[in-house]
Amino acid sequence: SQTIHQWPATLVQPVGSPLSLECTVEGTSNPNLYWYRQAAGRGLQLLFYSVGIGQISSEVPQNLSASRPQDRQFILSSKKLLLSDSGFYLCACRLAGRYNEQFFGPGTRLTVL
Amino acid sequence: AQSVTQLDSHVSVSEGTPVLLRCNYSSSYSPSLFWYVQHPNKGLQLLLKYTSAATLVKGINGFEAEFKKSETSFHLTKPSAHMSDAAEYFCVVSVSDMRFGAGTRLTVKP
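Chains as they are written, first to last, in the numbering used here: chain E, 6 to 118; chain Z, -8 to 101.
Certain hints may be false.
Stated by the list, open to error - Short derived list, chain Z residues pointing at chain E, Cβ under 7 Å: (1) Ser85; (2) Met89; (3) Gly94.
Hints were generated in silico from the structure; no laboratory data involved.
Glycine residues also receive a C-beta, built at the ideal position from the N, C-alpha and C atoms.
Please put together the full structure from these sequences, using the hints given.
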């Protein structure tokens, strides 16, 4: 079965600092991968998705970017964090042949001060 | 295009009483429907899913949901709430991609 690892679990960063969140997937190959953000008191917002290595689609224009350097690695980055980037970041993968069902990682709590 | 509306942002029940979390969807095609649960500071866990088979779907932890095409609804129910059910619940509709509802926070009082 598939497992999603997210690192780090929690992060506190000052405004203007860079960001790198990592997501790795085990137990499946060639997955579709997704980055979501949950701001306080809000639902899930899809940020990026990827159907393969080097292929990134952005859903929301902002100061974040994503990269997929390997089949099972998905990275969320920023050059300069804003206060509004605070939130809970979730990585997910789509299971092939499973009616678009997505499997979620444990999340990263980011606080920007 | 598809969309989903969770009719209650917050539901509060007493332990041992029934739970009803309401979800309505809109879709041009036959959708797949899901309910996910999220405990504080945790990822989302799949509770159950509807994929055009039986309209009454049973999930984990005693939850079930009924797909009603005529009402475009997919409400989540449980006969008897437990304290551990307190969490955020998300209804999701999927045709080509997944659309999440805004979530319903379930509180369970002792």
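Cross-check of the supplied hints:
1. Ser85: holds, 4 Å
2. Met89: Holds, about 6 Å.
3. Gly94: holds, 5 Å
In this structure, none of the earlier numbered hints is contradicted; all agree with it.
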